[in-house]
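Chemist: Sequence:
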Amino acid sequence: MNRMNSRRLIFLAGLFSILFFLLEAKLFYLQIVKGQELAVQAIQYRTELFPYEDYPRGDIVDRWGRSLTDRGERPVVVVFPGMIEDREKTAEKLEEILAIPSAFLMRRMSEIEREKSAQPFVLKVNVDSQMVRELQNYPIPGVYLLPMITRYGPRSVAVHVIGYVGSQKQKKQTEGSEDVGIETIYEDVLNRGSHRYYWRALVDARGRLIPGLGFKKIASSEDHVPRNRVVLTIDREIQEIVERAIDSWVKKGAVVVLDVASGDVLAMASRPAFHQNWLDNGCQPEPGSFVNRALEPYHPGAILKLVVAARALEEQVNGWQLIGYPQTKPFRAGAKVAIKGSLGQEEFLLSPLQAANLLRTVARGGLYSPPRLVLEIQNGSGEVTKFFALPPSQRVMSSGTADQLQLILKPVFLSQSKFQDRQGNYYAAGVSGRNTYITVPSEAANGTVLPQTVIPDWFVGYAPLENPRYAVAVLVEEEKFDGYMAEQLFRYILKEILEKESVRAEAGNP
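Following the UniProt record's numbering, the numbering of the sequence shown begins with 1 at its first residue and continues without gaps.
Some hints could be false.
Straight-line distance between alpha carbons at most 30 angstroms, and here's what the computed DSS-like set of lysine-lysine pairs gives [as the list claims (entries may be wrong)]: (1) LYS495 - LYS252; (2) LYS251 - LYS500; (3) LYS252 - LYS216; (4) LYS89 - LYS251.
Simulated from the structure, these hints should not be mistaken for lab results.
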């Protein structure tokens, strides 16, 4: 009996030894051999990742390399849907703090639920200090403030030139948005980046943030892709001057500033404007905000008298003669319709960009060339991969005719548009397209009569009077104005530009 018990004990001991050996071997395999891999999988299973940058794209910069989109790191509001406890209360609280419609947040959450995805998303960028304080003082589960590199900051300029980045779904939902800016035109050049960093949040089985661990910035495992950048001819300082002026004076209109010598677009602004982040924040921009009025055709008013006078001088017209499209075509201005009068208030159309280039042509003694907006494309190392040379110039009027037009301009503005730098030697020349406030009927292609069209207030010219450097076109499309709004804006903008130029010269900067 004792021998049998001994055998049983030996058998059980051997069996347990084998089982312990197998268990230890399994633990060794899991902890030592596969330990690192399993640890990574466990972290991934309990991890929420969020990009450290909203759009990994190449930058769009001005002629001196300064960002036009104000790209940079700033706090953003990020929503983690899986961590939200009460959707309705959260949406109402965020509407109170961030001024974002609660319906927008509820819609986003419903879309995420339908897609069976709990991916975090940015709710608001460009969060001001008051919003930051309220979110910090009254924490909301599932809503966090995270530092993030955003493409569009509060000082983003030239939005109609730049365009915006957004999903096709967002663009279709935004009424009237026609994305024809640099972002779209150079999509293949700019959209070559990859995310370099992510925010990692460790969560429990219910998707709640684990207290004490918070968020950690981690490097991406993706290969780094060098980013191209597009360099425009815009001068950010001049663009800011124009935008400050137009925001202070005009609700609806446009301004264009050209370099007389090269034809480079130094500034282009249109109002009303939109902010590129509105598309992500659920706000519907003001109607007409996506229209770039600097490129839209308008009735030129009295500006057309320059074209008529130029052709009359070229043809040595003495007396009355009908001047039509074939005679104005060399000036690259207007539409393919007959000109019925020198006031241009019926069928001849001109955009602010064309108007500025018209005065630039006069300032250059009759030499015409198309404006240039894109200067070059650079790779990730800053090397120029494509340079856009200046378009060739073409003589569209004799130098004698240009001289006569310059003489026509001088008497109009010497007494009204005097510009002085610190040495007191600047004057401007130009022409007013000012009209009394009138409307003209327009007709659609199908013959239906459209609502009456407002004749805008124009002012175009160049400065300085001697050796001009800047050609400026100002258009004011207001229902009520005193007839001098465009001229006042023109004078203010050029005064600021010339003063800025003097400061640059004194500092030894270009």
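Chemist: Does LYS252 sit within 30 angstroms of LYS495, going by the straight-line distance between their CA atoms?
Modeler: Satisfied, since the Cα-Cα distance of roughly 22 angstroms is no more than 30 angstroms.
Chemist: Does LYS500 sit within 30 angstroms of LYS251, going by the straight-line distance between their CA atoms?
Modeler: holds (25 angstroms)
Chemist: For the pair we were handed, LYS89 and LYS251, check the Cα-Cα distance against 30 angstroms.
Modeler: violated (37 angstroms)
Chemist: LYS252 and LYS216: Cα distance at most 30 angstroms?
Modeler: violated (46 angstroms)
Of the numbered hints given earlier, the model fails hints 3 and 4; all others are met.
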